[in-house]
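All chains, please: the whole structure from these sequences, using the hints.
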Amino acid sequence: MEEQVDGSASVDADSEMHSDELGAAIPYRFERTNECAELVAKYSELADGEETEDVVSVAGRLMLLRVQGKVAFGRLVDSSGEIQLFVSAKVAEDFASFSKLSLGDWVGAKGSVVKTRRGELSVKVSEWVLLAKARRSFGDKFHGVSDQDLRFRQRYLDLWANADSRSALQLRSRTISWLRHSLESRGFIEVETPVLHPIAGGATAKPFVTKHNTLDMELFLRIAPELYLKRMVVGGFEKVFEIGRVFRNEGMSPRHNPEFTMLELYQAYADYSDAMALTEELVSGAALETCGSSMIEYQGRELDLTPPWPRETMCSLIAKYAGVDVSPAMEVSEIAGIASKFGIEGEPAWGAGKYVLELYEKTVESELWGPVFVYDFPKEVSPLARPHRNDPDLAERFEAIVAGRELANAFSELIDPQDQRRRFEAQAELKKVGDEEAMSVDEDYLRALEYGLPPTAGIGIGIDRLVMLLANQASIKEVIAFPTLRPEVN
RNA sequence: GCGCCUCUAGCUCAACGGCAGAGCAACGGACUCUUAAUCCGCAGGUUCUGGGUUCGAAUCCCAGGGGGCGCACCA
43 MEEQVDGSAS VDADSEMHSD ELGAAIPYRF ERTNECAELV AKYSELADGE
93 ETEDVVSVAG RLMLLRVQGK VAFGRLVDSS GEIQLFVSAK VAEDFASFSK
143 LSLGDWVGAK GSVVKTRRGE LSVKVSEWVL LAKARRSFGD KFHGVSDQDL
193 RFRQRYLDLW ANADSRSALQ LRSRTISWLR HSLESRGFIE VETPVLHPIA
243 GGATAKPFVT KHNTLDMELF LRIAPELYLK RMVVGGFEKV FEIGRVFRNE
293 GMSPRHNPEF TMLELYQAYA DYSDAMALTE ELVSGAALET CGSSMIEYQG
343 RELDLTPPWP RETMCSLIAK YAGVDVSPAM EVSEIAGIAS KFGIEGEPAW
393 GAGKYVLELY EKTVESELWG PVFVYDFPKE VSPLARPHRN DPDLAERFEA
443 IVAGRELANA FSELIDPQDQ RRRFEAQAEL KKVGDEEAMS VDEDYLRALE
493 YGLPPTAGIG IGIDRLVMLL ANQASIKEVI AFPTLRPEVN
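The C-terminal position of the first sequence is numbered 532 in the numbering used here, with every residue numbered one higher than the one before it.
Treat the hints with care, as some may be off.
[To be verified] Quick list of the computed label-pair ranges, beta carbon to beta carbon:
(1) 389 <-> 79: 53 to 59 Å
(2) 391 <-> 334: 46 to 52 Å
(3) 231 <-> 75: 16 to 22 Å
[Claimed, not checked] Subject to a maximum C-alpha distance of 25 Å in a straight line, what follows is the list of computed DSS-like cross-link-like pairs (lysine-lysine):
(4) 253 <-> 473
(5) 404 <-> 248
(6) 253 <-> 474
By construction, these hints were calculated from the structure, which means they are not laboratory data.
Every residue, glycine too, gets a C-beta built ideally from N, C-alpha and C.
Here you go:
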């Protein structure tokens, strides 16, 4: 019997054949000789009406069907592209059944490559086989699916109906693949570090909490792989990277999903200047690879990713956009007075560095389009970054701002275990007074540092945001196959 | 979490206080070169849910739910 998943009327009656009969008729494999796009490229020179003797097999989903008496035209879509099926009652086996196929059915077809009189490259079908029945009907064949809720809740519908949705995810795959190969060719090796962390570290963010039953212990889904990757460097892996999912229990928006993909890389003997050079090479290279140019357009605005990118210190930007000279070396009361003029009301735990960051975020960040490296962050708000070689109140840290948002965060890594302990303790103090995102003291990580971390540069790049940029997508949901949604209620 | 917008047939949308409709899909039929084919026929509804106002509610009001955008938080 046919299965009615939710009792909706959209399931076809399957009047011809019951589901189990249909299932028995479906072959276990299908020998395909060519993808659609291959054929389209190979036979582009065929003249209108020209027929070849070349027999091919194609497979895919039937997206359009025009039956015209004793001849039918179907649009077959596979993951490479599409090609027309030309089916004639004179030539094809079981023409009658073919003409009764529904949109959305999967078929495999064998036949010769021809170009129709009207100039459409086609496979002139001699044999065909049903590979899957679409028991629920395809939507509007012209408008496809546009309801956002439906598109993301039943993403398979969106992917099947909307070529743009497919191409965004294909671009994602090419981007990650290129990054991986690019890093490998630079001598980096890919590693995998734990997703379950006993202490959520490496970033300031609220974690998801879970529990291991046998160990009877609380664990956190990682908010960053940072501290484990630096342990790898301590272990002698001089150039490492990881591309993986991280989880942050925070708000959702067109730029935020609770789980997202981060590229983090660590390079021994390098500093944040090297990291800037590598960041711009990786991002512009990915653009060149996926878009064919390092000059791209994002949401109607031009974006030139060609290196080198401008570099601006945080304090100089505040001077430029807010017109005030501030520094993390100032007395807290003084900078708090300046900040209050911009509507920033501080908290007792804030030092001057925190005020500098807040001023930057309030007055500068939204004005930047980029690409630009904003560098020299206050040390106070950069608990894992090494102090600036020329200024004890700053850290050698930068963020890459591209298309008005943070794309990468990087620093010369803090290598001194004693300093790291003090920074952790300062964070723990913040946590005590209610900052849920503040870090905890990670004794195991401190012990690793005591064995010696060489000078190291580290970079984190938000992969989803990079793909959004390259795919010209405004929402992070577009570049994640299955974005987080509220549960469906009946 | 707060604010604004939105939810009608499988899909895309009308109707905006007065008989719930169209196109596409599906189903039945005609048609030997179509391109969102065309033509004929048939069927399809808890108008997101629950209250309220009204002679009468898809439409107005209240509460709840889903989604979108903005703010906040963050990458």
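Hints and how they fare:
1. For the pair residue 389 and residue 79, the supplied restraint of 53 to 59 Å holds, since their beta-carbon distance comes to about 58 Å.
2. For residue 391 and residue 334, the hinted distance range of 46 to 52 Å is satisfied, since their beta carbons lie about 49 Å from each other.
3. Separated by about 38 Å at the C-beta atoms, residue 231 and residue 75 break the suggested range of 16 to 22 Å.
4. Taking the CA atoms of residue 253 and residue 473, the gap is about 22 Å. The hint holds against a cut of 25 Å.
5. At roughly 22 Å between alpha-carbon atoms, residue 404 and residue 248 fall within 25 Å of each other, so this suggested pair holds.
6. Restraint check for residue 253 and residue 474: satisfied, since their Cα atoms lie roughly 23 Å apart, inside the 25 Å limit.
Checked against the numbered hints above, the structure violates only hint 3.
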